[in-house]
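Based on the sequences and whatever the hints tell you, model everything.
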Amino acid sequence: MIRIYTVPSCSSCRKVKKWFLDQNIPFVEKNILSKPISDNEIKDMLLLSDNGTDDIISKRSNLIKKDNIDVDSMKLKDLIAFIQNNPTILKRPIIVDDTKMVVGYNPDEISTFIPQARRLAAWSCKTECPRYDECDNHLDVKA
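Here my numbering is used: position 72 in the sequence shown is 72, and no number is missing along the way.
Since the hints were derived computationally from the structure, they do not count as laboratory data. Because the structure is a prediction, the values reported are computed rather than measured. We put the beta carbon where it would ideally sit given N, CA and C, even for glycine. There could be a bad hint or two in this list.
To be verified - Straight-line C-alpha distance at most 25 angstroms; calculated SDA-like pairs for lysine to any residue: (1) LYS30 x PRO107; (2) LYS65 x CYS10; (3) LYS30 x TYR105; (4) LYS75 x MET101; (5) LYS30 x LEU63; (6) LYS43 x LYS77; (7) LYS91 x PHE113; (8) LYS100 x SER49; (9) LYS18 x LYS91; (10) LYS35 x VAL71; (11) LYS66 x THR88; (12) LYS59 x LYS100; (13) LYS100 x ASP54; (14) LYS77 x ASP44; (15) LYS15 x ARG3.
Unchecked claim - Quick list of the computed label-pair ranges, beta carbon to beta carbon: (16) LEU33 x GLY104: 15 to 21 angstroms; (17) ASP78 x PRO115: 37 to 43 angstroms; (18) ASP70 x PRO115: 38 to 44 angstroms; (19) ASP78 x ASP22: 38 to 44 angstroms; (20) ASP70 x LYS100: 25 to 31 angstroms; (21) ASN85 x ASP22: 32 to 38 angstroms; (22) PRO107 x SER73: 32 to 38 angstroms; (23) ASP39 x ASP70: 18 to 24 angstroms.
What follows is the structure, encoded as structure tokens:
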């Protein structure tokens, strides 16, 4: 299941949710301000990240800058507790499934969440149908 970590005031979060709704792709929204992120959810994010904390934590957040906090030097349990106590340091939105993570709103990147069968059907329609430009059927296959 796709999880989208959001905050209500985030315009990029609203865009991501709309994109998933438009694509008819089910997701679970997790408001990081109203419900704490679990240890396992944070570990999953870190495991799926290419660059560790750089991918999920905003080093430009007021808290990090003001207190000159070095999250990279923290032990894992301390890092998890710090994120749980200060969820606004997370970049937003964070989109996660079992195998991948995308941070922020980028339609090209989040299109990887479109199921493979639907991507293949859209590609096949576009590359193999001689009437593609005059046919409305491909509009039902959103890719």
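How the hints compare with the structure:
{"no.": "1", "hint": "LYS30 x PRO107", "in the structure": "holds (20 angstroms)"}
{"no.": "2", "hint": "LYS65 x CYS10", "in the structure": "holds (21 angstroms)"}
{"no.": "3", "hint": "LYS30 x TYR105", "in the structure": "holds (16 angstroms)"}
{"no.": "4", "hint": "LYS75 x MET101", "in the structure": "holds (22 angstroms)"}
{"no.": "5", "hint": "LYS30 x LEU63", "in the structure": "holds (22 angstroms)"}
{"no.": "6", "hint": "LYS43 x LYS77", "in the structure": "holds (10 angstroms)"}
{"no.": "7", "hint": "LYS91 x PHE113", "in the structure": "holds (19 angstroms)"}
{"no.": "8", "hint": "LYS100 x SER49", "in the structure": "holds (8 angstroms)"}
{"no.": "9", "hint": "LYS18 x LYS91", "in the structure": "holds (18 angstroms)"}
{"no.": "10", "hint": "LYS35 x VAL71", "in the structure": "holds (22 angstroms)"}
{"no.": "11", "hint": "LYS66 x THR88", "in the structure": "holds (14 angstroms)"}
{"no.": "12", "hint": "LYS59 x LYS100", "in the structure": "holds (22 angstroms)"}
{"no.": "13", "hint": "LYS100 x ASP54", "in the structure": "holds (16 angstroms)"}
{"no.": "14", "hint": "LYS77 x ASP44", "in the structure": "holds (14 angstroms)"}
{"no.": "15", "hint": "LYS15 x ARG3", "in the structure": "holds (15 angstroms)"}
{"no.": "16", "hint": "LEU33 x GLY104: 15 to 21 angstroms", "in the structure": "holds (18 angstroms)"}
{"no.": "17", "hint": "ASP78 x PRO115: 37 to 43 angstroms", "in the structure": "holds (38 angstroms)"}
{"no.": "18", "hint": "ASP70 x PRO115: 38 to 44 angstroms", "in the structure": "holds (40 angstroms)"}
{"no.": "19", "hint": "ASP78 x ASP22: 38 to 44 angstroms", "in the structure": "holds (40 angstroms)"}
{"no.": "20", "hint": "ASP70 x LYS100: 25 to 31 angstroms", "in the structure": "holds (28 angstroms)"}
{"no.": "21", "hint": "ASN85 x ASP22: 32 to 38 angstroms", "in the structure": "holds (35 angstroms)"}
{"no.": "22", "hint": "PRO107 x SER73: 32 to 38 angstroms", "in the structure": "holds (36 angstroms)"}
{"no.": "23", "hint": "ASP39 x ASP70: 18 to 24 angstroms", "in the structure": "holds (21 angstroms)"}
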